[in-house]
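With chain S held as given, fit chains V and G onto it using these hints.
As given, the protein sequences belong to chains S, V and G, one line each in that order. For the first sequence, the working numbering assigns the number 664 to the initial residue and increments by one for each residue that follows. For the second sequence, the working numbering assigns the number 4 to the initial residue and increments by one for each residue that follows. For the third sequence, the working numbering assigns the number 405 to the initial residue and increments by one for each residue that follows.
None of these hints come from the bench; they were simulated from the model. Beta carbons are placed, not taken as given, at the ideal position from N, Cα and C, and that holds for glycine. Everything hinted at is true.
Footprint (simulated), chain G over chain S, 3 or more residues, beta carbon under 8 Å:
#, region
1, 735–747
2, 761–769
Pairs of lysine-lysine, DSSO-like flavour, derived with a Cα cap of 27 Å:
#, chain 1, residue 1, chain 2, residue 2
3, G, Lys-413, S, Lys-785
4, V, Lys-78, G, Lys-657
5, V, Lys-82, G, Lys-657
6, G, Lys-601, V, Lys-247
7, V, Lys-69, G, Lys-601
8, G, Lys-477, G, Lys-694
9, G, Lys-748, S, Lys-752
Partial pick of chain G residues on the chain V-facing surface, computed with a CB cut under 7 Å:
#, residue
10, Ser-516
11, Gly-518
12, Ser-521
13, Ser-594
14, Ile-596
15, Ser-613
16, Gln-615
17, Leu-617
18, Gly-623
19, Gly-624
20, Phe-625
21, Ala-627
22, Asp-629
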Amino acid sequence: MIVFMALIELKNIKKTYTLGETQIQALRGINLQLHEGEFAALIGTSGSGKSTLLHILGTIDDPDEGSFTMGDQNVLSLSENEKSYLRNKKIGFIFQSFHLVPVLNIYENVELPLLIQSHLSKKERHERILQSIENVGLKDFLHHPPNKLSGGQRQRVAIARALVTHPSLILADEPTANLDSATTHKIVDLLMELNTMMKVTFLFCTHDEKLMSRVQRQIRIQDGVII
Amino acid sequence: MFSKIFVSLILLSGSFVFASTVDTKKIIEYSDRTRGAIPEGLEWIVKLNSVEEEENTSREFFVKYKSNDSYVESKAPAKFEGEVFLFKGRSLWFFKKGLRAPVSISARQKLSGAAANGDIASTNYAQDYTATFVKMETVNNEECYLFHLKSNADDTTYDQIDYWISKKTGLAIKANFLSLQGKPLKSAVFSYKNQLKYKGKQYPFINEMKITDAKNPNNQSTLNYSNPKIKNHPVSLFNVNNLKR
Amino acid sequence: MELWSLAFKNLLRNPRRSIVTGLAIAIGYTGLNVFNGYVHQVERTLAITSIYLNHAGHFSIIKKGWFEKGLSKPRLFSLDQQDQTELSDFFRPYENDFFLKTPIFTGIGLISNGCRSLPFYIKGLERIYRTETPKAPEFIKWAVLEFKRDPKETYISFNDDDFPLMVTYNLSQLLNKKVTYKNAASLPPSRIIDCQKESEKEYLSKDPSVQLLAKSFSGGFAATDANIVSHYTVGFSFLDDISIEGPLSLTQKLYDTQSISRLIFFLKNPNSINHWKSKILPLFEKRFPKLEMVFFDDPRISPFYTGSASFLDSLTFLFILIAGISITLTIINSLTISILERSKEIGTFRALGFTNNQLAWLFGREMILLTSLSLFFGALFSVMTAFLINASGLEYIPPGASGNIPLRVSLEPQFLFISFCSFALLVLIVSYFLTKKRISVNTSRLLADS
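Chain S extracted, bound-state conformation (with noise of 0.2 Å):
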């Protein structure tokens, strides 16, 4: 796998939250690279703040200091909308739960975050998405409600709606927590030459060990900073 240049800089990225009365430093000075095509793992127990690191680099939390640029976008100067639209057009989420909406099927869950891009006509949407469902394997199942679906497929429903923006980087939290091996393993496998065919960079929060040998870099975090 060919790695390119920084895709993304994080640098002495600090967060503290309040629980109660109590102030818990999640994040200690964090100082991160993320590169273009990157296939990387973010490895840390419990509360050792990789979700909290993975929400900031997805922008859907600010820290409290530091600085964060995404090619040469200093994301921190920007307004919440226009993360919203960076995040639409250059981040793609894959959660534990896989978090499809139920009332969907298949196509219109992977279509969800096209719905809000103007500039794509609806031949365009329509191919992109087929092309989404069709990488992960499940062009059978189109019109299936996700409810109808194994746990693994919906997994893969859930890894096509994060592909179908073609974004630059994809964050998974936990993506196989909920899998049995066998399907973690079919899940891993499809990431990897996801990874490979489109040079999307993969970041995945977890503690699966299966994950963390077939990674190409491992990123350990413990109490809030990276070792």
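Just chains V and G now, with coordinates in the frame of chain S:
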């Protein structure tokens, strides 16, 4: 005012409530006699001149009176000739030739208009009111008894009357006609230049009554009485049913 | 799939809740429409009663001061022949605007059955009034059945020599006059009545003649016989004890005058009344400083109509307010639950790049769809309910009316449309702002809450 009927007068001796220090009954009886309280019956001519909303009208009536009933026939102007007003007790009937039946006018309906004037002229104090002496008061340089009369019937036109009688002459000088709330509706002043011979004696008799509307003092009516005579009229004259005959 | 389609599918997420919420809105909207339909019917009936049956016309010409003093001093406040001529000249260019133009004489006096007298309030009208007014389209549409009687059943079928008179049912009862006059030969012979005797009541009840007594314009009392040719009602109970109606000639003869009390005008196009108020009225006022043009919605000429109409308007406004508040609270309730249930999903949508605004509009679309569908079904229910009520044949006595009128509901399409749009807009605004407020939570918290 509703119309310009003026009718003859008054009254009866009847029973009255007496004031404790003033012989109310005797005083009112005497004054009533000078305005027609003669049991045998009377007749006279009344000329009525009215000013209403700055317009003058004149009418002439021939009045026949007996026992609190009055038969009033219109004589002038010609277009009203033959119209009859029958005051029977407290009720009033109107009739003219050609009508299938006479029309009754109740006491309250009389309140509006000149029917009220006729009612002033025909008020029966004895039958309809209870009199109480109030005080002595001077009116037109004459010391007068002031009596307050309250209606004791539901269908009288006026609920209360303030009545001034001269102490010296025994003649009624003035009367104010009031509503139930004591609000003045009309007032009347009297003068007595006629003479009436009754049972061998000459009595002063009313010759003029001026009635003024309390709300609009410019609206005035003057009744001039002439040729008063004692006359024993038949009772049948005052029967409503005989109006059509 | 479009965002509207997404919104619709979200409504199906909890069909029971959506149906219950929708039903609540639909029923409330139905109630509002049916109530407004009833109010509309009542208002129109009252207006038509005032205009055609109480002779207000679309407008009348009177002498200034007529309302205050016209009855006590009719001679001074009537329109004499010169007034009538000048008015005729003024209105000649507008003849084509009028469905009918006719004089009316009103007066008071006493009506007697030979034993007992009662006050009357008389209206003297030209016979053409009775023949033409039932042809007016708005009369045909709105007047209740009682008033749509055959004109031949009124005094128009009789000559002036018959002294024909119409007396209200109530007044006729009070006078004990049960029969009506057919011709001179049908009158029982005139005789002396002994009013004290009970047995005379039978004779009185069979004699359709009465005596009218009034103050004539030339001074003094005036009286005439008159014959009751039919009974009628003016629609308002407080007038039904004293009202009588006859030919204009009868009243002018009784009061010894050629003057009239008012000149009444009926417009071919009732909707042009505003044009008359704004354009013709100023010209009229300039030309006739001592006269007044009074429109039917003036409280002096239609006190019952204007008083009732403004009461009904207030009541309708109150109902609209209540309906609006109910719908708003229903939506707030439904929306709040929906947002709370879908907080994770909101987080997901944010992660996918939806802005707060877009999310607020998404929920707004859902509520708009729900409300619109509910209102649509509410409108259908309204039509069905109105149909059922109108077909039921139910009758009732409205306050102040003199008898039963059919219970009818007349739905107003404009009201349906305006209220539909207004409520939809209200829901959209409430949904948008409520959602925006409720989803202003950190996205990672929303996602973490799952």
